[in-house]
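Visitor: Each chain, letter by letter, is given below.
2 protein chains.
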Amino acid sequence: MALIVQKFGGSSVADAAKVMNVAERVTETYKAGNQVVVVVSAQGDTTDDLIEKANEINPNASKRELDMLLSSGEQISIALLAMAIERIGCPVISLTGWQAGFNTNSVSGGARIKNIDTERMRRAIDKKRIVVVAGFQGLNKYDDITTLGRGGSDTSAVAIAAALHADKCEIYTDVDGVYTADPRICENAKKLDEITYDEMLELASLGANVLHNRSVEMAKKYNVKLEVRSSFEKVPGTIVKEVVNMEKMLIRGVTRDNDVARIGVIGLQHTPGVAFRIFSELAKEHINVDMILQSVGRGGTKDIAFTVTRENEPKTLEVLEGLKDVLKYEKLDHRDDLSKVSIVGAGMVNNPGVAAKMFEALYDNNINIHMIATSEIKVSVLIKLENAEKAVRVIHDRFIG
Amino acid sequence: MALIVQKFGGSSVADAAKVMNVAERVTETYKAGNQVVVVVSAQGDTTDDLIEKANEINPNASKRELDMLLSSGEQISIALLAMAIERIGCPVISLTGWQAGFNTNSVSGGARIKNIDTERMRRAIDKKRIVVVAGFQGLNKYDDITTLGRGGSDTSAVAIAAALHADKCEIYTDVDGVYTADPRICENAKKLDEITYDEMLELASLGANVLHNRSVEMAKKYNVKLEVRSSFEKVPGTIVKEVVNMEKMLIRGVTRDNDVARIGVIGLQHTPGVAFRIFSELAKEHINVDMILQSVGRGGTKDIAFTVTRENEPKTLEVLEGLKDVLKYEKLDHRDDLSKVSIVGAGMVNNPGVAAKMFEALYDNNINIHMIATSEIKVSVLIKLENAEKAVRVIHDRFIG
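So the sequence lines, in the order shown, correspond to chains A and B. Be aware that the first sequence starts at 1, since it is given in the numbering used here, and climbs by one per residue. Be aware that the second sequence starts at 1, since it is given in the numbering used here, and climbs by one per residue.
No wet-lab data here; the hints were simulated from the structure. Accuracy of the hints is not assured; some may be wrong.
One copy or two, either will do: identical chains are not told apart, so a pair holds if it fits within one copy or between any two.
DSSO-like cross-link-like pairs, simulated, lysine-lysine; straight-line CA separation at most 30 Å [what the hints assert, rightly or not]:
(1) Lys168 / Lys328
(2) Lys63 / Lys53
(3) Lys53 / Lys18
(4) Lys128 / Lys53
(5) Lys324 / Lys53
(6) Lys127 / Lys225
Work out the full structure: start from the sequences and follow the hints.
Guide: Written as structure tokens, this is what we have:
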């Protein structure tokens with residue numbers, strides 16, 4: 001007997017038929033002799049519909065009241081899923097975030113889980129019940145309902161798996177696993193049987209869109225075995241864990257991320273502390289900087305270039321313009337016709353030729369590289385947006401075939 | 001400075017514009033220097049829509065899960081109303097039933113309020129906040145969300161008014177007060193300035209449909225001053241309290257109730273305990289019996305006739321058929337082409353001619369009476385359905401004019 005946490009997203013419970021489908025999946029696992037805790041998100045477009053209702057009334061509503069509003073979405077889902085499981089004839093209880101013991105900090109709209117008081121879930125599991133928990137939500141110390149922000153339901157599921165020392169946390173989604181590349185771009189893309197937390201983290205932050213980073217970080221921290229699986233097809237998914245067999249692959253995947261803007265600060269005085277000043281001011285505005293390149297320019301000046309998300313581009317330029325007198329740069333430039341293409345693989349740290357092989361694949365196909373960034377398990381290049389899909393394909397062919 | 005509890009039903013908050021209208025009403029009261037607690041129901045058809053969603057998945061869902069589902073409706077309303085009040089610029093906080101301290105018994109779907117822990121509401125009021133509370137819901141001792149059943153939001157409002165010792169509890173609805181008769185039937189119907197709890201109870205149970213009985217009973221028990229007012233028009237409503245000026249009216253109102261079925265048990269043995277047996281068996285099935293008539297028939301047998309709601313008619317006949325061998329009656333009859341027309345007034349106890357005056361009005365208009373029931377403040381007659389509206393008019397003309 002294993003304790004398994006299963007998480008189903010909003011599209012998996014979008015209508016009555018899909019709720020019944022999820023109930024079938026859950027009860028199969030239960031009938032096979034397992035203890036099951038299920039985490040669900042709000043149905044389909046419910047959250048968007050609720051946000052629209054709020055905007056009609058007050059586009060500047062407080063986050064506390066938005067959390068009160070939005071958390072009703074998951075409450076509807078858990079009740080409906082519990083009813084579907086009742087219909088199949090298995091014992092079940094639905095629990096809101098606060099009933100399941102989710103204590104969070106007080107940052108409405110993006111709260112962090114402080115701890116989970118698992119007593120009520122444990123009691124229900126001991127009574128042989130399937131426990132259906134509302135994802136995305138908790139309670140702060142003032143007894144206000146909070147929501148966990150983006151990727152919140154994945155995080156709820158992993159947090160429960162960690163708190164209950166579950167044997168596995170299965171994340172059901174509309175893809176059946178993690179692929180070596182986006183199958184829509186690269187027809188040779190292969191589904192991975194296994195991947196490490198670190199690789200998954202790089203893939204998630206590079207735009208693979210399967211699991212949210214917060215949930216993978218938490219899974220790594222508490223050593224929760226994750227599995228990404230399809231809600232609709234009954235096939236094995238991809239397991240995310242600490243150490244995996246490297247098989248024959250040098251790299252685990254190729255991704256591209258088009259949500260990237262490149263900012264250049266040209267002709268900076270070559271004095272110490274300039275780079276520090278730029279990035280500390282951006283950090284104050286909560287702007288994450290990704291790839292960074294510093295180069296010595298003409299006449300003793302230097303240039304600094306870096307990337308931010310497109311959403312942050314205007315704010316970044318505003319901050320830098322405000323610093324013109326202090327930094328004494330010549331000019332700013334910015335472009336958003338670029339894409340970041342990356343390869344990820346825990347194996348590359350021991351295989352020095354990996355980056356060169358990637359660059360060669362691009363060179364052979366006349367794709368210019370604008371910037372390069374590397375970590376121990378990742379190489380990213382900035383290239384023209386129009387070449388992005390082609391780049392994914394040629395790199396994938398070169399490494400994985 | 002007064003503490004005022006205001007309750008708005010689902011039709012008053014059905015869309016964004018109506019929510020803003022309610023926010024205006026609430027903040028006007030607040031800006032006039034009062035402390036305000038607002039109770040709201042789920043928006044418009046939300047509850048029906050949620051029930052439909054549940055039925056699609058499981059028509060036999062447990063009441064516990066139905067309560068989990070339905071309580072989300074009020075949670076949406078309180079958040080939206082709080083956002084609307086924020087937009088007007090007044091300090092506000094929304095509270096679910098459990099956050100507001102509603103402790104109920106464990107009868108899911110029709111829970112009774114055991115007590116209200118008012119600490120959190122008090123704290124919010126002390127911070128000069130308008131407090132918006134979800135009606136219709138509470139929490140049982142197992143920390144499960146419960147709903148209060150029919151008329152639940154009215155009851156929530158009165159319970160808060162009682163617990164906070166509020167100066168007044170205003171029930172906003174789509175009519176602007178309590179009338180001497182249904183204005184759609186009787187064009188001379190007058191709005192009452194005041195009415196006693198007991199009169200209101202009789203009117204509510206007789207089909208006046210303005211306030212639910214449970215809320216009036218609770219208001220009477222805790223001496224909460226109620227006012228029935230219009231959500232849309234700013235005119236004084238009808239005040240419900242313990243003692244009112246009798247003015248010149250002998251009666252307070254004329255009502256009719258078409259939801260009535262008459263059951264006859266014909267040719268019963270004239271042995272003791274027969275009536276007791278009938279009504280105790282019906283009580284076991286939770287069937288409320290209203291008017292009762294017992295008469296001695298031919299040959300030492302007797303007949304018993306009584307009324308039930310139409311919904312309960314088939315079940316009632318089933319119970320009686322099951323008792324045929326025990327009761328040894330000749331036959332059952334039943335008809336549902338009848339209506340109950342009633343006059344209500346605390347003054348009639350001191351005016352013996354009231355019933356006679358009512359019967360005379362009916363006689364003068366050739367309307368036959370099938371059954372009569374009286375209490376200290378009420379006279380009801382059962383007449384043919386087709387005569388019901390005419391009866392209301394002629395009785396109203398005779399007493400009120």
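Visitor: Now tell me, hint by hint, if it's right for this structure.
Guide: How the hints compare with the structure:
1. Lys168 / Lys328: neither (55 Å within a copy, 67 Å between copies)
2. Lys63 / Lys53: both (14 Å within a copy, 28 Å between copies)
3. Lys53 / Lys18: both (25 Å within a copy, 12 Å between copies)
4. Lys128 / Lys53: between (39 Å within a copy, 27 Å between copies)
5. Lys324 / Lys53: neither (42 Å within a copy, 58 Å between copies)
6. Lys127 / Lys225: within (25 Å within a copy, 47 Å between copies)
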